[in-house]
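Engineer: With the hints as constraints, model all of the structure from the sequences given.
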Amino acid sequence: MNDLLDPFATEYAGQPLERLDLSPTRPLPEPTYTLPSGALQALFDLRGRGLVSAAKRTTPAATALRAAGLLGRFGGASETATTITGIVERAGRTLAAERVTRSGTTTWSCWASGPDAVVRTAHDDTETIDLVPFTSAVGRLVAWSGIEPFWPVADPDDDESRVIPDDVVDAMVSGHQVDPPAGAGPVLAARWQEPWSTVSIAVPGSDDGLPLVFMGAASHLRIRVEGGSRLQLVPSYWVFEALPQLLERSWSTT
Amino acid sequence: MTGADHDEHTTTADWRTRATAAGSLSVPSGWIDDDRTGAVAVVRPETPVNPNGAFHENAVLSVVDSAGDIVADSSNAIAEARAMVPWSHVVSVTPWPQGPFNRRMQFLYEYEGVTVAVTKFTGTTTGGKRLDLTCSAGLDAYPSLVGTFDSIAARSTLELLS
Numbered sequence: 001m002n003d004l005l006d007p008f009a010t011e012y013a014g015q016p017l018e019r020l021d022l023s024p025t026r027p028l029p030e031p032t033y034t035l036p037s038g039a040l041q042a043l044f045d046l047r048g049r050g051l052v053s054a055a056k057r058t059t060p061a062a063t064a065l066r067a068a069g070l071l072g073r074f075g076g077a078s079e080t081a082t083t084i085t086g087i088v089e090r091a092g093r094t095l096a097a098e099r100v101t102r103s104g105t106t107t108w109s110c111w112a113s114g115p116d117a118v119v120r121t122a123h124d125d126t127e128t129i130d131l132v133p134f135t136s137a138v139g140r141l142v143a144w145s146g147i148e149p150f151w152p153v154a155d156p157d158d159d160e161s162r163v164i165p166d167d168v169v170d171a172m173v174s175g176h177q178v179d180p181p182a183g184a185g186p187v188l189a190a191r192w193q194e195p196w197s198t199v200s201i202a203v204p205g206s207d208d209g210l211p212l213v214f215m216g217a218a219s220h221l222r223i224r225v226e227g228g229s230r231l232q233l234v235p236s237y238w239v240f241e242a243l244p245q246l247l248e249r250s251w252s253t254t
Numbered sequence: 255m256t257g258a259d260h261d262e263h264t265t266t267a268d269w270r271t272r273a274t275a276a277g278s279l280s281v282p283s284g285w286i287d288d289d290r291t292g293a294v295a296v297v298r299p300e301t302p303v304n305p306n307g308a309f310h311e312n313a314v315l316s317v318v319d320s321a322g323d324i325v326a327d328s329s330n331a332i333a334e335a336r337a338m339v340p341w342s343h344v345v346s347v348t349p350w351p352q353g354p355f356n357r358r359m360q361f362l363y364e365y366e367g368v369t370v371a372v373t374k375f376t377g378t379t380t381g382g383k384r385l386d387l388t389c390s391a392g393l394d395a396y397p398s399l400v401g402t403f404d405s406i407a408a409r410s411t412l413e414l415l416s
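Residue numbers (this note's numbering), protein chains in the order written: chain L, 1 to 254; chain S, 255 to 416.
Derived from the structure by calculation, the hints contain no laboratory data.
Cβ coordinates follow ideal geometry from the N, Cα and C atoms, glycine included.
Some hints here could point you the wrong way.
To be verified - Some but not every residue of chain L turned toward chain S, in silico, with C-beta under 7 Å: (1) 102; (2) 103; (3) 149; (4) 240.
As the list claims (entries may be wrong) - Derived DEER-like restraints, expressed as beta-carbon distance ranges: (5) 124(L) x 340(S): 26 to 32 Å; (6) 186(L) x 383(S): 34 to 40 Å; (7) 289(S) x 194(L): 44 to 50 Å; (8) 73(L) x 289(S): 55 to 61 Å; (9) 60(L) x 290(S): 22 to 28 Å; (10) 411(S) x 125(L): 56 to 62 Å; (11) 411(S) x 37(L): 19 to 25 Å; (12) 352(S) x 160(L): 25 to 31 Å; (13) 104(L) x 289(S): 50 to 56 Å; (14) 104(L) x 352(S): 41 to 47 Å; (15) 29(L) x 380(S): 49 to 55 Å; (16) 340(S) x 126(L): 19 to 25 Å; (17) 194(L) x 326(S): 22 to 28 Å; (18) 234(L) x 271(S): 32 to 38 Å.
Unchecked claim - Here are a few chain S residues that sit away from chain L, every Cβ distance over 10 Å (derived from the structure): (19) 272; (20) 324; (21) 362.
Structural biologist: Here's what the structure looks like:
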């Protein structure tokens, strides 16, 4: 057997297909600032207020903001901090995402003003802040969401109409194994065993969004129906190309 | 298999043929030849899609050594994209059963603060060589060009003469 071949995908796709995990993926660039949760809000609360109470100046967030150079000793905002808060205040476009994996929920928020953007992620008691071009924010969101290559092979004759109850999705995402649905073919059964995660990308203030369920790298559009969700297998190029369409639709109506 | 079923957004009248050593490359009529060397052909829109963009979109047709078959060539193409510095991300790899190409890969990379999106078509092997078509655009312009990139690959009648 050729070591480069993905035997499972090759068998079910009926053509030789390479393994997609042989070369290492590049991790996302390190965030510029890694701070305690609530740091961005604290930056707004403390900047430019001069002598605020000792209690406010000594919170973990305030201490970290000073250590990061975003706040001066007496609470004055640095030039970078002023840029960050200015972009958030002036933001003409905002974008939000939530990713849920076995290790919990991470939120991703982006404020864009012209070509510049501020991105904040929050997970447990940690918050990251980046000041990047808006296109970098969107590109990195694609990687952060887990949109990456997989072979979207499906079971023959599978109509994907089965409804998966939400508590099953929640259980699988949290790592509690639930058996595949009755009648699942071998391809869905194999995918089902992979680690699950959910990602939802949306424009705040709009009811449009891109709700996804991942089984390993395999992306599924989550279609809410009575009693749960239908999970429609969608290739990663489809998700990648749907994201700017979502932004265009949402921002043209808000 | 969910196939690559992209719409073509441009009508036949809007296209021209660029003759190359590897056959005819079909490009939108508003695209001009670039004089960069080192490739079989380089083409780009005469007017950038985003005049304020930091990256001028282009398509590069190359003949390169093959690793033996499409599985090996695609594996190498994925590894090369993932090795780009300072950051890159491979988004998709899809069979592309049209013309001289066999795979369509999409990836992102960052370079000097600019995020570039690429559709790369990897060709089948003939005589130890293969054709590559690499279509690049700034991520802001890419959504309006992705269909054009696919059409260039689908419409061109290219072949490698062994």
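Engineer: The structure should be examined with respect to each hint, and the outcome stated for every one.
Structural biologist: Results for each hint:
no., hint, result
1, 102, "violated, 22 Å"
2, 103, "violated, 21 Å"
3, 149, "holds, 4 Å"
4, 240, "holds, 5 Å"
5, 124(L) x 340(S): 26 to 32 Å, "holds, 27 Å"
6, 186(L) x 383(S): 34 to 40 Å, "holds, 38 Å"
7, 289(S) x 194(L): 44 to 50 Å, "holds, 48 Å"
8, 73(L) x 289(S): 55 to 61 Å, "holds, 57 Å"
9, 60(L) x 290(S): 22 to 28 Å, "violated, 53 Å"
10, 411(S) x 125(L): 56 to 62 Å, "holds, 59 Å"
11, 411(S) x 37(L): 19 to 25 Å, "violated, 58 Å"
12, 352(S) x 160(L): 25 to 31 Å, "holds, 26 Å"
13, 104(L) x 289(S): 50 to 56 Å, "holds, 54 Å"
14, 104(L) x 352(S): 41 to 47 Å, "holds, 44 Å"
15, 29(L) x 380(S): 49 to 55 Å, "violated, 39 Å"
16, 340(S) x 126(L): 19 to 25 Å, "holds, 23 Å"
17, 194(L) x 326(S): 22 to 28 Å, "holds, 26 Å"
18, 234(L) x 271(S): 32 to 38 Å, "holds, 35 Å"
19, 272, "holds, 26 Å"
20, 324, "violated, 7 Å"
21, 362, "violated, 5 Å"
Violated hints for the displayed structure, listed by number in ascending order: 1, 2, 9, 11, 15, 20 and 21.
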